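Q: So the protein sequences, as listed, match chains A and B. Going by the numbering used here, the first sequence opens with residue 1, and the numbers climb by one from there. Going by the numbering used here, the second sequence opens with residue 1, and the numbers climb by one from there.
The set of hints was computed from the structure by calculation and includes no laboratory data. Quantities reported herein were computed from a predicted structural model and do not represent experimental measurements. Here a beta-carbon is modelled for each residue, glycine too, at the ideal position from N, C-alpha and C. Just to be clear, a hint being listed does not mean it is correct.
DEER-style ranges, computed between Cβ atoms [to be verified]:
{"id": "1", "chain 1": "A", "residue 1": "188", "chain 2": "B", "residue 2": "459", "range": "28 to 34 angstroms"}
{"id": "2", "chain 1": "A", "residue 1": "118", "chain 2": "B", "residue 2": "220", "range": "40 to 46 angstroms"}
{"id": "3", "chain 1": "A", "residue 1": "3", "chain 2": "B", "residue 2": "99", "range": "38 to 44 angstroms"}
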Amino acid sequence: MTQVLLAIDTSAGTAVAVLVDGAVVSESYDANSMQHAEQIGIQIQKGLETAKKKSSEVTLVAVGVGPGPYTGLRVGIAAAKMFAEGVSSPLIGVGSLDAIVFAESLIEPTLVLTDARRSEVFFGLYHGKTAAGVPRTLIGPGVKKQAELEAELQTAGHNYLLANSQVSAANLGLLALAQLAEGTASTSVVANYLRAPDAVPSKGKKVSG
Amino acid sequence: MSHQLRLATEADLAAIMELEKASFGNDSWSRPTMRAELMAPHTTYLVAYQDEKIVGYAGLSKVSSSSSADIQTIAVRDSHRRAGIGRELMQMLIEQASKLSATEIYLEVREDKQAPQKLYEQLGFVRIDRRENYYQPDGVAAIVMRLTISSDLKPEPVVLGIETSCDETGIGIVRGTTLLANVISSSMDQHARFGGVVPEIAARAHLEALDATLQKALHDAGITIKEIDAVAVTNGPGLAGALMVGVGAAKALAVAIDKPIYAVNHLVAHVAVDVLERGKLETPTVALLVSGGHTSLLLVRDLLNDVELLGETIDDAAGEAFDKIARVLGLSYPGGPEIDKVAKKGDPKAIRFPRGLTLPKDQDKHRYNFSFSGLKTAVARHVELAESKGEQISIADVAASFREAVVDVLVTKAINACQDNGVPRLILGGGVVANSRLREVAEARCQEAGIDLRIPALSLCTDNGAMIASLAAQKIMAGVEPSKLDFGVYSTLPV
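In isolation and in its complexed conformation, chain A is listed as follows (with noise of 0.2 angstroms):
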């Protein structure tokens, strides 16, 4: 049976590739991360009408669990989630930066940086793939301030490359698929904050001096 695979990513913009049999038939990317909502849809519906494949023929769907901003990273998962409940397929979730730097040789030690807004940065340090090409974590995914990481990396005595920062959903479904090939694929799809809602518990202010 013809695997087709529906690979989504919002941890950035909306990314949605479509790969059958392993090799990679459409994808799209839609850097504004201000449009998951309006963009999952439509890209979803495109990308399946470019790869020529009906809904109902897709085998698997595997998202990206972030880290990313939250409000547009559920949107993603919640797609598919959705999606995948709708044709009856397995999900997979896949770490947002695993799949950034799964493009990357990572003979160097990489670190790739997204945007975690709030001055911070979501981060990974990554050196060397498995015999599948599953990259391998050193340090991460964390939430820091730049300097300060850097600052620990340097103290840590890490030398590292930085890798090209933008989520693909292609390289997303490729390393979906490595990932199911060596079996450490994960089925627990959740949303990978990182940090706790930002929700304190108020005292009551009074209203009289």
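With chain A held as given, fit chain B onto it using these hints.
A: Then chain B, alone, in the frame of chain A:
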């Protein structure tokens, strides 16, 4: 007394045979044939009766393996012709055929009978064939007619609705105006220690609750995902980040099952839920929607085409005021039920708290708007003042007096809206409808004012997916086009 319709039973056989012979003479079916027809599992026979006498009957045959149905026979007593009995029998059978998923209905009619042919044409049947010498022994030709039931206008679409505008993940399923499932997963407990809904916590909870809520809804409805005809989702008003979870989910589901999607207004859906209990919405009606996120007065002249926002809160929602006052009084979250409980032992007239925007000077600009922040401050000040003087306050009295002030404003303004607009109906919606005093006062004052009050079941008043599905089903049945796939979420979406 006028005629009525019901399903035929074996006990009707004698009366039917009598009418059969009178109507068809030579062509009449035999008694055993008629009996077999009445009792067959694939037929639906109706009788029309008046004063306990059978005045008409008609039958439909639809085998489950076929997509077409046949009108087997129809007869109306001579003395009862021209009373619309034949038309009603036919309409019921067409409805039944459509419920059984027939896509076309066939019938034969004597060529020499003009009146029934005309009726069938009016009902949408078209002539497709003529059969010579069909009726014997008279040698009269039969005209074969067919009614195509458009699949686009399937009268009872199965719609799945997703609601994530606040802290309830709701997935509901309806078939037309019939409720099939209404599953709600609330993140209320997670917000308790913060004393109010935290948007990020709500959004995270939606994402986590999606799969299980969907599966339970399908299970409760007893359908598979493939049986869904359309997907509906709230795209506002509400918390943007929370809304986006539902919209992302709904769009992907619609694409996955290749079905249309309908973006639905949360407030209008609160009104649309009434069709699930009453079959249709009586209009015009005023709607008072009161929850932790909304306090709105709507004038609904037409559910799909004419909904006007008369007014809303200019600061806190009523439910929010309950939460905040509960904290002031040391009660737990959510505040509404707690205050309601404590207030039962208190005197609602103990303290005269202010009624926001009810003064004569407010009537010009804010007749239908609400404000609870002044009330909230007044209650807090009352409590603080007592504390600073070292006085004991009666929490029950404060709770009862506060609740009375909120309820008084809500009901007064809702009734004003009805009376100003000459609307004799009021429907309530939103979680605060659970408040016992609101229901009591609304009931008493509506009765006094001659206003018909509708309070849907509480599970349909709180935020839920069934109301979203219900509004979309109404749109579909009215032939409204689906939404384009690129719609966004609007936290302040107008009605």
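Q: Now look at each hint and say whether the structure bears it out.
A: So, going through the hints one by one against the coordinates:
At roughly 31 angstroms, the beta carbons of residue 188/A and residue 459/B sit within the given window of 28 to 34 angstroms. A beta carbon spacing of about 41 angstroms between residue 118/A and residue 220/B agrees with the range 40 to 46 angstroms that was offered as a hint. Evaluation of the 38 to 44 angstroms hint for residue 3/A and residue 99/B yields a pass: the beta carbon distance comes to about 40 angstroms.
When each numbered hint is compared with the structure, no violation occurs for any of them.
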